[in-house]
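**Q** Residue numbers (our numbering), protein chains in the order written: chain A, 1 to 442; chain B, 1 to 309.
Please keep in mind that the hints were generated in silico from the structure rather than gathered at the bench.
Be aware that a few hints might be false.
Unchecked claim - Below, computed lysine-lysine pairings styled on BS3-like, alpha-carbon distance capped at 25 Å:
1) B/K129 x B/K152
2) A/K9 x B/K152
3) A/K427 x B/K87
4) B/K152 x B/K87
5) B/K107 x A/K9
Claimed, not checked - What the simulated footprint calls covered on chain B by chain A, stretch by stretch (three residues with Cβ under 8 Å from a Cβ of chain A suffice, anywhere in the stretch; the number is not a length):
6) 76 to 89
7) 100 to 112
8) 219 to 229
Predicted model only: the values in this text are computed from it and were never measured.
Glycine included, every Cβ here is placed at the ideal spot set by N, Cα and C.
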Amino acid sequence: MNKTWLIIKREYITRVRNKTFLLSTFLTPLLFIFIIGAVVFITVKSTKMEKVAVGDSKGLLKGFLESGKNMQFEFIENADTALLQKDYTAVLLAPGEGINSSDRFRIYSRKNLNVISESAIQRQINEAVETRLITSSGNISKGAYDSIRQQAKSVGLDNKVLEEGSEMKEGNAGVAYGVGYGAGFLIYITLFLYGAMVMRGVMEEKTNRIAEVVVSSARPMQLMMGKIIGIGAVGVTQFVLWIVLIFALSTVLGAIIPGSVMEQVNQANQGGAMAMQNQSSEAIMKLAQTKQTLSSVNWPLIVGCFLFYFIFGYLFYAALFAAVGSAVNEDPQDAQSLMFPITLPIILAIIIMINAITQPESSMAIWSSIIPFFSPIVMMARIPFGVPGTVPYWQLGLSMAMLVAGFLFTTWLSAKIYRTGILLYGKKVTLKEMWKWAIRKS
Amino acid sequence: MNLLEVRNLKKYFATQKAVDDISFGIEKGTIFGLLGPNGAGKTTLIRMITGIFFPDEGEILLNGKPFSVTDDIINIGYMPEERGLYKKMKIGEQALYLAQLKGMGRKDAMDAIKWWFERFEMQSWWNKKVEDLSKGMSQKLQFVSTVLHNPKLIILDEPFSGLDPVNSNLIKDEIFRLSRQGATIIFSTHRMEQVEEICDQIILVNKGKKILDGSVNQIKQDFKENLFRIGADSTIDHLQCNLFEVVRHSTEEILLKLSPDTTTNQVLSHFINQGIEVHAFNEVLPSLNEIFIKLVEGTPLARQFEAKA
Numbered sequence: 001m002n003k004t005w006l007i008i009k010r011e012y013i014t015r016v017r018n019k020t021f022l023l024s025t026f027l028t029p030l031l032f033i034f035i036i037g038a039v040v041f042i043t044v045k046s047t048k049m050e051k052v053a054v055g056d057s058k059g060l061l062k063g064f065l066e067s068g069k070n071m072q073f074e075f076i077e078n079a080d081t082a083l084l085q086k087d088y089t090a091v092l093l094a095p096g097e098g099i100n101s102s103d104r105f106r107i108y109s110r111k112n113l114n115v116i117s118e119s120a121i122q123r124q125i126n127e128a129v130e131t132r133l134i135t136s137s138g139n140i141s142k143g144a145y146d147s148i149r150q151q152a153k154s155v156g157l158d159n160k161v162l163e164e165g166s167e168m169k170e171g172n173a174g175v176a177y178g179v180g181y182g183a184g185f186l187i188y189i190t191l192f193l194y195g196a197m198v199m200r201g202v203m204e205e206k207t208n209r210i211a212e213v214v215v216s217s218a219r220p221m222q223l224m225m226g227k228i229i230g231i232g233a234v235g236v237t238q239f240v241l242w243i244v245l246i247f248a249l250s251t252v253l254g255a256i257i258p259g260s261v262m263e264q265v266n267q268a269n270q271g272g273a274m275a276m277q278n279q280s281s282e283a284i285m286k287l288a289q290t291k292q293t294l295s296s297v298n299w300p301l302i303v304g305c306f307l308f309y310f311i312f313g314y315l316f317y318a319a320l321f322a323a324v325g326s327a328v329n330e331d332p333q334d335a336q337s338l339m340f341p342i343t344l345p346i347i348l349a350i351i352i353m354i355n356a357i358t359q360p361e362s363s364m365a366i367w368s369s370i371i372p373f374f375s376p377i378v379m380m381a382r383i384p385f386g387v388p389g390t391v392p393y394w395q396l397g398l399s400m401a402m403l404v405a406g407f408l409f410t411t412w413l414s415a416k417i418y419r420t421g422i423l424l425y426g427k428k429v430t431l432k433e434m435w436k437w438a439i440r441k442s
Numbered sequence: 001m002n003l004l005e006v007r008n009l010k011k012y013f014a015t016q017k018a019v020d021d022i023s024f025g026i027e028k029g030t031i032f033g034l035l036g037p038n039g040a041g042k043t044t045l046i047r048m049i050t051g052i053f054f055p056d057e058g059e060i061l062l063n064g065k066p067f068s069v070t071d072d073i074i075n076i077g078y079m080p081e082e083r084g085l086y087k088k089m090k091i092g093e094q095a096l097y098l099a100q101l102k103g104m105g106r107k108d109a110m111d112a113i114k115w116w117f118e119r120f121e122m123q124s125w126w127n128k129k130v131e132d133l134s135k136g137m138s139q140k141l142q143f144v145s146t147v148l149h150n151p152k153l154i155i156l157d158e159p160f161s162g163l164d165p166v167n168s169n170l171i172k173d174e175i176f177r178l179s180r181q182g183a184t185i186i187f188s189t190h191r192m193e194q195v196e197e198i199c200d201q202i203i204l205v206n207k208g209k210k211i212l213d214g215s216v217n218q219i220k221q222d223f224k225e226n227l228f229r230i231g232a233d234s235t236i237d238h239l240q241c242n243l244f245e246v247v248r249h250s251t252e253e254i255l256l257k258l259s260p261d262t263t264t265n266q267v268l269s270h271f272i273n274q275g276i277e278v279h280a281f282n283e284v285l286p287s288l289n290e291i292f293i294k295l296v297e298g299t300p301l302a303r304q305f306e307a308k309a
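Please put together the full structure from these sequences, using the hints given.
**A** Structure follows, in structure tokens:
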């Protein structure tokens with residue numbers, strides 16, 4: 001045990017001190033933040049003031065087009081595309097106005113309008129036409145209709161999930177979908193990332209010819225487990241650092257970016273033309289709503305399960321990756337072909353997961369979230385839909401027990417391959433031979 | 001008492017009998033040569049002695065007690081033929097890591113490393129990485145990490161490969177010194193002149209079986225062919241007799257193979273009687289190299305794969 005600890009320590013320290021580790025750990029969140037920053041910046045930059053000339057002699061849009069911070073409408077008699085030569089960015093013509101001989105509204109511009117402005121104009125025209133049609137045919141005043149619409153908006157659909165007994169809980173399929181998808185994908189990536197790291201580490205020991213020296217001091221099993229646990233610890237460290245850094249950086253970034261910019265971004269996202277008051281109140285409502293749905297997710301359970309499936313999924317596959325690494329000689333091409341039987345179930349798992357997340361209670365989703373080859377990815381996608389609602393306790397328990405048993409099995413199997421492979425030089429090993437090593441009695 | 005006693009050791013792999021019933025004993029403080037052609041089973045034998053492999057049959061006694069993987073690792077220092085180091089690790093840390101893996105405490109290990117680094121003038125290497133070392137330098141480091149924990153049994157597989165004569169001598173002197181201090185050394189190599197120079201006792205392994213066992217001198221005596229070298233000026237006419245056959249003849253030197261019953265004095269008087277001045281007369285013993293080739297030749301170098309019995 002003492003020796004395994006020494007090996008873990010070496011694996012961990014040499015990796016954590018490595019420049020690539022430091023760079024990837026500290027640059028990834030920066031890159032992440034940078035991308036977000038860039039998107040914000042570009043959005044702000046691209047929402048310049050649009051000055052739109054409106055040709056609407058019949059008054060179809062009168063009282064509906066509201067000028068906002070990013071868009072200004074001017075009703076002009078006999079508006080024509082010639083106005084584009086002046087300082088108007090676009091000309092909106094009602095049916096039958098100027099060159100617009102069609103029965104639809106048309107907007108003319110020299111450059112394409114940006115998507116946000118276009119959708120804002122479209123929404124306002126729709127609203128105008130709808131209101132006009134209803135008020136004129138139904139004999140309702142515009143004010144009355146507006147209040148009706150406001151009421152309709154505030155009703156909407158709330159998704160409530162009935163928990164065991166009578167307890168009611170706010171549910172949200174969208175959030176569960178997002179969280180599940182993210183968690184499953186994250187596990188998928190880490191399996192590959194750290195699994196390959198284990199394989200490379202074993203290959204390094206073999207090609208450097210250090211393996212025999214070490215194996216004469218420690219058992220091969222200790223060497224293998226030391227490496228797997230050491231690299232797993234590196235993975236956990238990296239994750240924790242990422243989370244801390246992203247949290248810290250976004251807090252700092254939030255403080256640095258002036259409020260007005262954020263407001264502008266918000267406005268740009270919302271369509272811009274709405275009245276400021278109305279808009280900000282709606283934004284606050286939305287924010288509150290998001291907060292509520294996010295808090296409806298059982299975070300401690302998800303984080304706990306994520307850690308469990310991350311750690312044991314990693315252990316399950318890392319042992320297999322180590323076995324492959326031990327069988328490879330100098331030629332990395334061999335690694336590719338020997339890795340295939342390991343990468344196949346991981347890729348299969350992500351395909352099943354994408355399917356299972358839309359139907360978390362299908363029998364395919366249930367069974368593949370119990371089989372250890374797929375469970376780390378598929379089960380993580382199902383858990384956010386609710387335990388014990390979507391995932392009964394027996395399924396979760398069975399899945400976890402199977403994964404732990406699977407990890408013990410792959411480790412036992414891999415140790416036998418590893419023991420033989422790591423001391424075998426100069427011979428190309430086939431999968432069949434590896435299998436023979438694994439099933440051989442010792 | 002023998003430090004190491006190997007009894008009826010067997011290890012069969014699926015395709016061949018790597019070690020097939022080998023027994024031998026090594027006295028404490030001696031230097032023991034383990035010889036054999038490529039693929040003879042030397043490495044498998046060593047791996048069993050170092051606890052890397054478990055024998056299928058037979059037993060290994062270290063200091064009179066059955067070898068135990070957990071307790072005896074500290075007693076053994078093994079430098080394999082296929083040896084290397086972690087390329088990205090600093091030299092000092094690497095030596096410390098390997099010593100701790102053997103089971104040494106941190107402080108003891110540091111003291112031993114300092115002592116050895118000073119001895120080999122390696123102090124300035126501490127913070128260098130292995131990838132910056134020459135092959136000879138990393139060989140020295142490997143030797144140091146093999147003997148650092150003061151093992152009772154040191155196993156060296158081709159320890160001089162890749163070393164220049166100066167460094168070879170440095171290591172050789174250390175081997176002698178360690179042996180004088182009581183360490184037992186197993187020395188595996190193909191270089192017979194080194195074996196003659198260094199080893200007290202050898203065994204020769206071929207195709208998984210022991211085919212020769214004994215002290216270097218005894219083996220040479222066993223394989224001598226009654227060859228004698230005479231330094232004398234002579235002509236063909238002087239050599240006509242039935243006491244010996246002439247193997248090689250030049251004007252100053254003659255190589256003779258004596259007939260079974262002939263004594264050396266008879267030969268000498270043959271020359272003296274003819275009035276020939278003899279200025280040198282000595283027996284020619286076969287070199288280990290010749291014995292090795294003679295015993296191994298005829299068996300294919302790469303072992304045929306045989307079905308498991």
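**Q** Decide, hint by hint, whether the structure agrees.
**A** For each hint, the structure was consulted:
Proximity of B/K129 to B/K152 is assessed by CA-CA distance (about 30 Å); at most 25 Å being required, the pair is judged violated. With a C-alpha separation of about 28 Å, the suggested pair A/K9 and B/K152 falls outside the 25 Å cut-off, and the hint is violated. Taking the CA atoms of A/K427 and B/K87, the gap is near 23 Å; set against the 25 Å cutoff, the hint holds. For a cut-off of 25 Å, the pair hint linking B/K152 to B/K87 is broken: about 29 Å separates their Cα positions.
The suggested pairing of B/K107 with A/K9 holds, with an alpha-carbon distance near 18 Å, which does not exceed 25 Å. For the region 76 to 89 of chain B, the assignment as covered by chain A holds, since 12 residues bring a beta-carbon within under 8 Å of that chain's beta-carbons and 3 suffice. Interface restraint, the region 100 to 112 of chain B with chain A: holds (4 residues with C-beta to C-beta distance below 8 Å; minimum three). Check on the region 219 to 229 of chain B: 0 of its residues sit with their Cβ under 8 Å from a Cβ of chain A, so the three-residue criterion for coverage is violated.
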